[in-house]
Amino acid sequence: MEEVSKMIRTLVLLCTLCISLQGFAISEGGDQGAVDTKDEVDAYILHHIKDAHDFHLFSYTGDNGERKHVGFPLPVILWSSNGLATFMSSEFHHDDAGKVIVEKGGSKFVKLHGKIYELNAGASEVQFDEHHHAENAAKVLDFSITKSVFGILLVGLLMLWAFSSLAKQYASKKVPTGFGRVLEPLVIYVRDEIAKPNIGEKKYRQFTGYLLTVFFFIWILNLLGLTPLGFNVTGQLAVTAALAIFTLIIYTFSGNKDYWMHMLWMPGVPVLIRPVLAIIELAGAFIIKPFSLLVRLFANISAGHIVVMSLVAIMFTLKKSLGVVGATGLSLVLSFFITLIEVLVAFLQAYIFTMLSALFIGMAVAEHDHEHEHDANGHDIPDAEDVRGDFI
Amino acid sequence: METLLNDFSPGLFIVQTILLLGLIFLLVKVAWKPILTSLNEREEGIHGALEAAEKARAEMQNLQADNEKLLKDARAEREAMLKEAREIKDKMITDSKEQAKVEGDKMLKQAQAAIESEKKAAVADIKNQVAELSIEIAEKVLKEQLANKDQQLKLVESMLGDVKLN
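One line per chain: the protein sequences are U and X, in this order. All the letters of the first sequence, read from the start, carry residue numbers 1169 to 1560 under this note's numbering. All the letters of the second sequence, read from the start, carry residue numbers 134 to 299 under this note's numbering.
In case anyone wonders, no lab produced these hints; they're calculated from the structure. C-beta atoms are modelled at their ideal positions from N, C-alpha and C, and glycine is treated no differently. One thing to keep in mind: the hints can contain errors.
Here chain U is said to cover these stretches of chain X; the calculated rule only asks that three of the stretch's residues, wherever they fall, bring their Cβ under 8 Å from a Cβ of chain U [claimed, not checked]:
hint : segment
1    : 138-149
2    : 161-169
Once the Cα atoms are required to be at most 27 Å apart in a straight line, the calculated BS3-like pairs of lysine-lysine come out as [as the list claims (entries may be wrong)]:
hint : chain 1 : residue 1 : chain 2 : residue 2
3    : U       : K1218     : U       : K1174
4    : X       : K242      : U       : K1341
5    : U       : K1371     : U       : K1457
6    : X       : K162      : U       : K1342
7    : U       : K1370     : X       : K252
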């Protein structure tokens, strides 16, 4: 009991720390100066949930009225019309409006709303149309180590370190000690609660590696997103899309004869309906399932970030009507509870993504006419494959 | 929707795909495979140990039952042996008694016979001795009495007188 209350206290402390630092980040953030008004808050939040080319921790206004930014630049790697171009993001000097032009390898690059554009040949500055889109510049393929990529690398190395050290422990002892004691139940949880029941006792083993990787990858990145470091990796469409496509590829290529039979030529229904069903099934397998995966994760995490930051922003937007103490108090209380919920959501979304991936894989590898175990009276004992239908 | 598509970064998608692929392969190789294998081995080990314990318990029970049976058998055997011994003892006592009686009777009879014959012999001996003694006495008396002639004559006369009477 004492352990639990201690844990809760630690959690509360961490959440409070996160909120206060995020508040600090907002109040001092923004490249254009301090953020005070509603529009500036909106712009700041939208800016935050996007990927960034440099690692920005916080900014402040110096004594001489100049904005100072604290953080570090990240490498920019571009595939432009003139080939590969690499430079540090600091060369943009925190410009995000397409004003600073960087010349590398015969191409001119500008950064506009978090994206890097290459100016058309001959152009010397960006021209905008009435929707504020660049007219004479095109997007380049951007392989930069952005903030998200940095987060992915960080989490990847963290996972490699943590789990390989857990794996090494088993060489010398049966039960891991130290941090491994925390990790082992999580691994067992994914194996026994996600992989085994959804894929089935016989085939779960070959997919468990993928499921474990994805589960911890998403979970740790979700939690990292709650820290004031400002990562929003699992809230990037490109990241969730890649994750969803991995699942799509795995269940498509491991699908057995039954799976394809049920998808393309459904047995047990009139022949005329079969092509219609096939279209629906194909759309389900190749569009709906991956989209449900990628949009759910992206939307939940982005929404979480937006809600937490909006609640933190109450501090400034309601300052006039509630006073400094009232606005700050309200903001702290609300964002505190939402952050607690976000901690739960971080786990929940990792669980749901992994669980659905396992479910889709399980549907693809299910055997419909498999041998059943028999009990003493010769009746079939239902196994995971039989009861799975009840949950879908 | 347009904003979403605009925010979608193909470069990040490719980078994420490559990194995730690498991460999966590395983790499977250095972590998941050894971890899952060890976990399975451990679980099988625990399972085996539990089974072995259950088996040992059953064996123990069997052994105990065997022991009890042996004990019971032994007790029954002892009982039977004791009974037999008692019977033998009783029989021996009766036999001995009978034999002793027979022997005693026989000895008694012998003794009686011996006593009888001894008695007879003794009586005969006594008779002989008495006869000899009587003869001796008679001899002595006669010698004494026949020392002088008068008495001899007197005796002869008395004897002759007796004979006459017969």
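Hints, verified against the model:
Coverage of the segment 138-149 of chain X by chain U holds [criterion: at least 3 residues with CB-CB distance below 8 Å; count 11]. Check result for the segment 161-169 of chain X against chain U: holds, 8 residues qualifying (beta carbon to beta carbon below 8 Å, three or more required). As the CA atoms of K1218 (chain U) and K1174 (chain U) are separated by approximately 35 Å, the hinted pair breaks the 27 Å bound. At most 27 Å may separate the alpha-carbon atoms for a hinted pair to count; K242 (chain X) and K1341 (chain U) exceed this at roughly 100 Å.
Between K1371 (chain U) and K1457 (chain U), the direct Cα distance comes to roughly 21 Å. Compliance with the 27 Å bound is thereby established for this hinted pair. Among the hinted pairs, K162 (chain X) with K1342 (chain U) is consistent with the structure: their alpha-carbon atoms are about 20 Å apart, no more than 27 Å. A C-alpha spacing of about 119 Å is found between K1370 (chain U) and K252 (chain X), which places the hinted pair above 27 Å, so the restraint is violated.
Consistency note: the structure conflicts with the earlier hints numbered 3, 4, 7.
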